[in-house]
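**Student:** Here are the chains, one letter per residue:
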Amino acid sequence: MAQITMRQAITDALREEMYRDERVFIMGEEVGVWGGTYAVTRGFYDEFGPRRVRDTPISEMVIGGAAVGAAMNGLRPIAEFMTINFAFVAFDAIVNHAAKMHYMFGGQMRVPLVLRAPGGGGRQLGATHSHTPDVIFAHFPGLKVVSPATPYDAKGLLKAAIRTDDPVLFIEHATLYQVRGEVPEGDFVVPIGVSDVKREGTDVTIVAYAQGLQVALAAADKLDKEGIAAEVVDLRTLRPLDMAPVLKSFQKTFKAVVVEEGHRSYGVGA
Amino acid sequence: MDKETTLDWYRQMVLIRRFEQRSSELYQLGKIGGFLHLYIGQEAVAVGSINARGEQDHIITAYRDHGHALTVGSDTKQIMAEMLGKSTGVSKGKGGSMHLADVERRYWGGHAVVGAHLTLAAGIALAEQYKGTDAAVLCYFGDGATNIGYFHESLNLSGVWDLPVLWICENNQYGMGTAVARHSSASSIMQKASGYDIPASQVDGMNVFAVYEATKKALAAIRNGEGPQFLEILTYRFEGHSMGDPLRYRTKEEVKKWREDDPIGILERHILAEKIANKDKLEAIDTAVEAKLDEAVAFAEASPLPAMEELFTDIFVEEN
Ligand SMILES: Cc1ncc(C[n+]2csc(CCOP(=O)(O)OP(=O)(O)O)c2C)c(N)n1
Ligand SMILES: [Mg+2]
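Chains A and B supply the protein sequences, listed in that same order. Every position in the first sequence, counted from 1, becomes a number in the numbering used here once 200 is added. Every position in the second sequence, counted from 1, becomes a number in the numbering used here once 92 is added.
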């Protein structure tokens, strides 16, 4: 099986879905001519043209809101926020509009939308550009929040996100773009809302997701050398949250550690 | 305009006026809860413009949305049921007065965050452009909404992408209690559109024919490939911003002066002067409207509230 980077896995998912479904298009700042700030959509502008790969002005409120409107009216937009930090500017469009249209109008409207955003800290960008606000977005019913840790999951989950009729915030931890992993050729989907045991063990449960999984797996290796078998559960999706594998593991180990990157209070572990 | 159409517009405007008055009564009786924003005084705007649209066109507006819902032709009974929060309402009782919608009729609601729906309008228009149709979006908003970032980002994007949107500002002179001169640096609202190279004009919103003509013309320009267009429609809300407005920000004389330009009164005088119909005929229309509203209120009152389980439905299309 081919070893590819997470960036490549995301690019492949986008390209394959663009070919599969004419309603899928990409919009955001610098996604076209520039090729994507994180080079995820490099070459797409030439390959698909300006109708389907749309550079927007620096206008997060209308990037979020217009993507919701286009989704309501039959398209399947993939809107990119340059980073999750700028999604705060579009907070109302995301939590009040993307997340609420289906419910508040009694099921009349659907919002099949993917909002992609690189996130996470640790890259010396200063306080405003280093947030990991994943749980804040996961707080709101009506919005699915996905954040993969491996190239395989990234490709399969992104395809699932594009195909679901619900709005999905797809958070890509920017430090993971270069991480390599095995990804089979061709089409496959990883279901949204299913946690995954990434390593089996009997002594302690480590719960993580996204970049936290790297930390958890490294810790498990270290523990192994000390004779402790850690089980690592990758949440993959924060809403809807699948606690079954976590609880099952906990029933075996009776000890759990939650690894996450956000602030100390009110996080995933809470 | 032919006689039949003129009388039908009279009927539509009276239906809105009386719907609003009945709603106000039901609110005072505690049967309608939440917020209630009446459209009284602005009827000619919805009726004149919505009747100028093509069947393919979309409508979206803010929370002052009853007039638009009635004019697109949604079922009056279901609209009234939504006002009372009943399960038989257009939005199953989950939206209320501010969130009436009828997607089958391309009416996308009723939106309560000032300015936010302008971005939705841009997206709905983008979808039509993407599909290669000639449909346009009529997007209504207040004068107050022209100060929020949503307005500026949406107008700019519509210009950059040539989106088929007709931006319709219902300038009723106030955003809640703040007069235009106190909330907008630009002295004319219409001027704001020119900052984005969007053709704009000002329209007398008390004259249903003027609103109709201006809308027709603007929609033709959009379909002719001239890009988004902008109308500033001058109007006035005769009642408070919402129920319980202390009305401290304007004088009784000012309201009285505007009431002399009652859009229904203007149309009625026109109908009588031009002998389109006599007083009896108009009274017969009023009576028919009343009967329709009696039926709507009875239906709404008899309908059940949403079941408790409804709190947990329609959250996701695909639960998993
Ligand atoms: C973003 C936001 N801020 C504040 C409010 C509260 N609010 C509701 S209506 C309104 C006034 C809007 O005035 P205008 O746009 O002129 O519309 P009108 O009520 O006159 O029809 C305000 C401030 C809101 N709903 N949304
Ligand atoms: Mg106003």
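Quick caveat, the hints were computed from the structure, so don't treat them as lab data. The structure presented is a predicted model; accordingly, all values stated were derived computationally and were not measured. Beta carbons: idealized from backbone N, C-alpha and C, even for Gly. Just to be clear, a hint being listed does not mean it is correct.
Sample of chain B residues with no beta-carbon within 12 Å of chain A, all distances over it, derived [said to hold, decoys possible]: (1) Gly181; (2) Ser183; (3) Lys184; (4) Trp200; (5) Ala204; (6) Val205; (7) Ile240; (8) Ser250; (9) Ser277; (10) Gln294; (11) Gly319; (12) Gly336; (13) Lys384; (14) Glu387.
Only some residues are given here: those of chain A computed to face chain B with a beta carbon under 10 Å [as the list claims (entries may be wrong)]: (15) Gly249; (16) Arg252; (17) Asn273; (18) Pro277; (19) His302; (20) Met309; (21) Gly342; (22) Glu385; (23) Val389; (24) Leu423; (25) Leu447; (26) Lys448.
**Student:** Next step is simple, just say for each hint if it's right about the structure.
**Tutor:** Tested hints:
no.: 1; hint: Gly181; result: 7 Å, violated
no.: 2; hint: Ser183; result: 4 Å, violated
no.: 3; hint: Lys184; result: 3 Å, violated
no.: 4; hint: Trp200; result: 7 Å, violated
no.: 5; hint: Ala204; result: 9 Å, violated
no.: 6; hint: Val205; result: 6 Å, violated
no.: 7; hint: Ile240; result: 9 Å, violated
no.: 8; hint: Ser250; result: 9 Å, violated
no.: 9; hint: Ser277; result: 20 Å, holds
no.: 10; hint: Gln294; result: 25 Å, holds
no.: 11; hint: Gly319; result: 16 Å, holds
no.: 12; hint: Gly336; result: 23 Å, holds
no.: 13; hint: Lys384; result: 23 Å, holds
no.: 14; hint: Glu387; result: 22 Å, holds
no.: 15; hint: Gly249; result: 12 Å, violated
no.: 16; hint: Arg252; result: 9 Å, holds
no.: 17; hint: Asn273; result: 4 Å, holds
no.: 18; hint: Pro277; result: 8 Å, holds
no.: 19; hint: His302; result: 6 Å, holds
no.: 20; hint: Met309; result: 6 Å, holds
no.: 21; hint: Gly342; result: 5 Å, holds
no.: 22; hint: Glu385; result: 27 Å, violated
no.: 23; hint: Val389; result: 12 Å, violated
no.: 24; hint: Leu423; result: 33 Å, violated
no.: 25; hint: Leu447; result: 17 Å, violated
no.: 26; hint: Lys448; result: 18 Å, violated
Hints 1, 2, 3, 4, 5, 6, 7, 8, 15, 22, 23, 24, 25, 26, counting from the list given before, are not met by this structure.
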